[in-house]
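Chains as they are written, first to last, in this note's numbering: chain A, 1 to 237; chain S, 1 to 617.
FYI, nobody ran anything at the bench for these hints, they're computed from the structure.
Certain hints may be false.
[Claimed, not checked] Which stretches of chain A does chain S cover? Using the computed rule of at least three CB atoms under 8 Å from a CB of chain S, they are: (1) 82 to 96; (2) 183 to 193.
[To be verified] Only some residues are given here: those of chain A computed to face chain S with a beta carbon under 10 Å: (3) 73; (4) 99; (5) 106.
[Stated by the list, open to error] Which stretches of chain S does chain A cover? Using the computed rule of at least three CB atoms under 8 Å from a CB of chain A, they are: (6) 186 to 194; (7) 236 to 245.
Ideal Cβ placement from N, Cα and C applies to all residues, glycine included.
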Amino acid sequence: MAETVLEVSGVTAGYGPAEVLFGVDLTLERGEVAALMGRNGAGKSTTMKAIMGLLPPRAGQVRFAGQDITGWAPYRIARAGLGYVPEDRRIFTDLTVAENLEVGRRAAQGGRAAWTVERLYEIFPNLAEMRGRRAAAMSGGEQQMLTIARTLMGNPEAVLLDEPSEGLAPVIVELMAEAVLRMKAEGLSVLLSEQSLDFAAAVADRAYVIEKGGIRFAGTMAALEADDHIRTTYLTV
Amino acid sequence: MDFGFLVVQSLSGLASASSLFVIASGLTLVFGVTRIVNFAHGSFYMLGAYMAVTVVPWLLDFDRSPLLFFCGVLISAAVVGVLGVVMEVLLLRRLYKVPELFQLLATFGVVLMVQDAVLWLWGPVEIPGPRAPGLRHGVEILGQRFPAYELFLICVGPAVLGLLWLLMHRTRFGILIRAATRDREMVGALGVNQAMLFTGTLFLGAFLAGLGGALQIPRVSANSQMDLSIITEAFVVTVIGGMGSVPGAFLAAVIIGQLNSFGVLIFPKITLVLVFLLMAVVLVVKPWGLLGRPEAAAGRAALPEGILATPRFGPWEKVILAVVLVATLAVPVFGDAYTVKVATEVLIFALAAFSLNFLVGNGGIVSFGHAAYFGLGAYAAGLLVTKGGLPMEPALIAAPIAGAAFAALFGFFVVRLSGIYLAMLTLAFAQIAYAVCFQWVEVTGGDNGVVGVWPSAWARSRDVFHYLVAACCILGIAALRHVIYAPFGATLRAARDSEQRADAIGIDVRMHRWLAFTLAGGAAGLAGGLYAFSKGSIDPTLLSIPMSIDFLAMLLLGGMQTVMGAVAGAAAFHTIKDFFMPLTDHWRFFLGASIIALVLIFPRGLSGAYGALRRRA
């Protein structure tokens, strides 16, 4: 029986008077990749922000690695071992590639093999070539690699990956998929939000489908691919 | 003018630029990370100077060596740095999420408290500092003598710039600061404890301010007016250079230093106007300063603060209003001369505060220099009567015209900006108006002002004058209130809540704001004119920063969420001030502490409390 790393139960959240999430439930097992699927505005990014404490949940509970992290400040959640890769990348454009990685650097916990700058440059050779370049002068795909590498520098146990394939060229999307599988191979648990079924199918073990702030489907990736009704109702545009 | 003279003039400009940069770099760093414009930065500078005139002579008693002199300077700066940490932990931490107006007000509360603390600790007399051992001589440069200490100061600026560059690029702390300047939330999501980062930044910022002050002691005596004069200059430097940009601050400081040292040769009296012109040109061409970025000023988390609901008067409010109106009119019948005087002033301040809330609460235009239009109205009226020989009536017509005219002129630049830049520009304009009134002695009487501003014979009795003021102010407030409820007022609120959306539905946001600024300036000018006649005199304090802060404190006390809060705030504030000020030597300390307390505990003011009561009932 796999061990649950992240458990989200009954989380509601919103911006000002606008409610976005109405009781989201999901779990992430150790070492798996789970995909949170849904259309634009369904609540994927908001779920991620609520888990990360960037948008504190109004109700419900978030448990991570055996602790109740609901209402914690984001930096404490990050230090507990939960990494976050935001949808809009949010790299520090004034800083160089190497400096961006430095901001993310945290020592590994619990004797796991640590991610180092060198190992990350191996996985993302493009970054190695431009380590001294200002991040503002990078393409979208390169920025996406940088934002993933920056989060890995914190040696997290689990990563929230918000729409890694969004707006990227197909060849870069393939690189992203490889990166996700590499993270999984390293023993990381990954919760990624995604609109593209192809991308999710390539990397994820399980899937959740979210619509109007609530989970509408939970099951294996294969089950989702087989379920035409869910796909046409909640995913295809 | 020979070449040597020009070189020396330019060197002296560089020396002041260098000092200014050291101070401004701290301000801009703190703003970059915390997004708080720290008014108390000038107080840190002043404390640095006072610490140095205390510590350095004591050290020099042991040995008159340059080493001990600079040790003393660094110790003073470090002590001030620690005070910065205290301020961050006790106050700023509670302010990061409140609207910027409240942040500015709260840090200004610290300014007031420090002023009284300095007077209490060091007394009112200026304290001259020792000259630096080893740097007391003059150096011969192209036939001109130039003080060695000034040469040393010229080196300090680039040295600080270099050290800051190393700190920002070669240390983890510096890299985190630069990252936080771009996106502090993301830095937190990567596991960085922002509290530590902010505390460290405040130490650095306050240290630099203290260093700037401590280095000044061989040139200027420590005095209790240093804080506000330097903070205005530092604001101008950071605005021209771009908020949050250290190299920008350096560039701007050098430009201003040269402008001042050569400007004084060409236009001896109006160097300030040159600086103002430079700032205006820069802000029109590059609204975010020479090396600044638009994001630095935008993207704040806090919701706009201001008039949120505009309910019409309910039956109870109508009764209250009627009682207040009757009481106002009955004051001369039942009250003594003193009560009439206070009531007259309350009416005047109510109009001024209402016009400010018209901008702040209704328009989201956070003016930190509203006293400028109040004071310019007063000066227009006062000078027309005393120098122009006109009677009161035309002078009272001229007062709102003057207020509106200057508001239109300054507002042309002001409305191009928003948020913190806007607040600082209004403050800078007010300081320029203040400086002109202060320095143009032949016309304005300088510091002493002008006396003999008396009403016409028919209005000379306190009671009649009270009715005149009541008529003007109540009509003025009613007219502005009408505008708030008119489509024009609603448009301003729309632009306040979302400039982009207002823009997108075809509202000319700038034009509306400019008209609002002009209108509010006119109302403040009328209040100022009336105030000149009620006092019988005019002087520069009418357009000083503390006056602007008084107006803002009235809003804060009354609550800026409601339409009539400003009036209640003006009445409460002025009555309390008039009652307590003669009783204490530490009025400023209490005012500062009260402003901070209001911001932290009671941000919705009196009318907020009333609104809560009404909802509960």
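Going through the hints against the structure:
1. Coverage of the stretch 82 to 96 of chain A by chain S holds [criterion: at least 3 residues with CB-CB distance below 8 Å; count 7].
2. Given a C-beta distance limit of less than 8 Å, the hint that chain S covers the stretch 183 to 193 of chain A is violated, as 0 residues qualify and 3 are needed.
3. With a cut of 10 Å, the hint placing residue 73 (chain A) at the interface with chain S holds, because the nearest CB-to-CB distance is about 7 Å.
4. With 10 Å as the threshold, the beta carbon of residue 99 (chain A) comes within range of chain S, its nearest partner Cβ sitting at about 5 Å, so the hint holds.
5. At a threshold of 10 Å, the smallest CB-CB gap from residue 106 (chain A) to chain S is about 5 Å, leaving the interface hint in force.
6. Counting residues of the stretch 186 to 194 of chain S whose C-beta lies closer than 8 Å to any C-beta of chain A gives 9; at least three are required, and the coverage claim holds.
7. Judged by the Cβ-Cβ criterion of 8 Å, the stretch 236 to 245 of chain S is not covered by chain A as claimed, because only 0 of its residues qualify and three are needed.
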